[in-house]
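Asker: Sequence:
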Amino acid sequence: MSVPYDTAAYEPPESHESHQPDGTHQPDEHLGRLLGRALNSFELPDEVLARLDCALAYDSSLHSAHHSAGLHRETYRHTWLLADGSALTLWELVHNTMPERGTQHEVYTSEEDLHLATDRLPLPREAAPDFELPLQVPSIPEPRRSYAADGSADHARRLLRRAENEDRPGPDTARLLHTAYAHQITQAFGRPRLGFTLYEHAFLLHDGSEISLWEIEHTATPDGRHMCEVYATQDEARAAMQRRATDRSRPSCG
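So for the sequence shown, our numbering puts the first residue at 1; every next one is plus one.
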């Protein structure tokens, strides 16, 4: 029969958990432990390992499990979030079908290879893996842009702090951006004559989702002072730019 897997029985207690790169558990440490315990890690392509060098975050989940007559077999999905917003997954097979060798670990780059490896195990027919178990790894969207991991949460805090508009994004957005791993800044619009510039600050969060803040830098103030405003959407930012430009071009009454 299939039973829940006790992580601590075969792995370090922290092995199958999500970790953010803000403490002692870095994505490369998880990769190192996986490669260290997998008997066939030497078979992994060099290009896969090279891509994992730029991992920003890591997550894993139990994919399937079976315990029967003293034998056990588990499969895990390990996913790394990369700096370009894409994800790379490795599949781990854990089993003790060779009692004289104890628990063994193997790693594969595809679910198909994992299927083949599991099928060759000397387990009862009922132990065939159920690959329909729900996955606990966050859904990673297709990459939209190239990100840089460079104090992104601090950058978000500084951006919101210098915003002078009263309708700037509030505490909920600030809390969300506390999990930012990487960011990218692009100029979306510029009007040098009026001193208007619109920037998109795109942030990559720990769950693989993306969020953007839109910053206006302008001098459309009564005294020509430089001003920064931040909005949650591009439409809101462009509407604010239009208001500022209209106010600036309107003749003053003497």
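Careful: at least some of the hints might be erroneous.
Claimed, not checked - Derived CB-CB ranges, DEER-like:
hint : residue 1 : residue 2 : range
1    : His226    : Ser110    : 19 to 25 Å
2    : Thr103    : Glu29     : 19 to 25 Å
3    : Glu43     : Pro122    : 40 to 46 Å
4    : Ala174    : Thr103    : 22 to 28 Å
5    : Glu43     : Glu166    : 37 to 43 Å
6    : Leu49     : His115    : 20 to 26 Å
7    : Arg175    : Thr197    : 34 to 40 Å
8    : Phe42     : Arg175    : 40 to 46 Å
No wet-lab data here; the hints were simulated from the structure.
Where is the CB? At the ideal position from N, CA and C, for every residue including glycine.
Asker: For each hint, tell me whether it holds in the structure or not.
Answerer: Here is what the structure says about each hint:
The given range of 19 to 25 Å is broken by His226 and Ser110, whose C-beta atoms sit roughly 53 Å from each other. At about 21 Å, the beta-carbon gap between Thr103 and Glu29 stays in the expected band of 19 to 25 Å. Look at Glu43 against Pro122: about 22 Å separates their beta carbons, and that is not inside 40 to 46 Å. A C-beta distance of roughly 45 Å is found between Ala174 and Thr103, which places it outside the suggested range of 22 to 28 Å.
Checked against the hint of 37 to 43 Å, the pair Glu43 and Glu166 fails, with Cβ atoms roughly 59 Å apart. Leu49 and His115 have their C-beta atoms about 23 Å apart, which keeps the hinted 20 to 26 Å range intact. Checking the proposed 34 to 40 Å range against Arg175 and Thr197 shows it is violated: the Cβ atoms sit about 28 Å from each other. At about 43 Å, the beta-carbon gap between Phe42 and Arg175 stays in the expected band of 40 to 46 Å.
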